[in-house]
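Under our numbering, the residue at position 24 of the sequence shown is numbered 151, and the numbers go up by one with no gaps.
By construction, these hints were calculated from the structure, which means they are not laboratory data. Everything numeric in this text was worked out from a predicted model, so none of it was measured. Be aware that a few hints might be false.
Straight line, CA to CA, 20 Å or less: simulated SDA-like cross-link-like pairs of lysine to any residue [as the list claims (entries may be wrong)]:
| # | residue 1 | residue 2 |
| --- | --- | --- |
| 1 | 154 | 207 |
| 2 | 154 | 176 |
| 3 | 141 | 213 |
| 4 | 154 | 170 |
| 5 | 154 | 206 |
| 6 | 154 | 189 |
| 7 | 141 | 157 |
| 8 | 153 | 190 |
| 9 | 153 | 203 |
| 10 | 214 | 137 |
| 11 | 153 | 164 |
| 12 | 153 | 168 |
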Amino acid sequence: MHDAFGNLESEELKTAINFILSEPPKKQINTNGAVEWDETPPDANNQTDLLLQCVRRVRNNLFHGGKFNGRWFAPERSGPLIDAGIKIMNACLQVSQNVNDAYNS
128 MHDAFGNLES EELKTAINFI LSEPPKKQIN TNGAVEWDET PPDANNQTDL
178 LLQCVRRVRN NLFHGGKFNG RWFAPERSGP LIDAGIKIMN ACLQVSQNVN
228 DAYNS
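Can you make the complete structure from the sequences, with help from the hints?
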């Protein structure tokens with residue numbers, strides 16, 4: 128299990144972490160008015176930082192990117208990335224009281 132999640136013993140969480148780190152989300156970029164996907168991984172100081180930056184990238188692509196522009200780009204990839212991100216964010220609520228308090232306030 129990833130160190131950031133301490134004693135959480137969930138096969139579902141392990142699968143989500145492994146997926147998002149092995150198949151990290153791409154970053155949407157605009158090149159001369161055309162949407163392209165940059166495969167450069169996020170710049171991270173440690174594994175936890177990388178994991179959470181990947182989750183942030185999923186969120187940014189979903190809410191700010193061109194995931195739906197008349198069609199959904201790569202739904203076979205996007206769906207599992209969104210699902211993994213949700214599972215990881217839910218785990219964050221369990222391991223950090225500060226995050227849980229902020230989320231629930």
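Could you work out which of the previously given hints the structure breaks and list their numbers from low to high? 7
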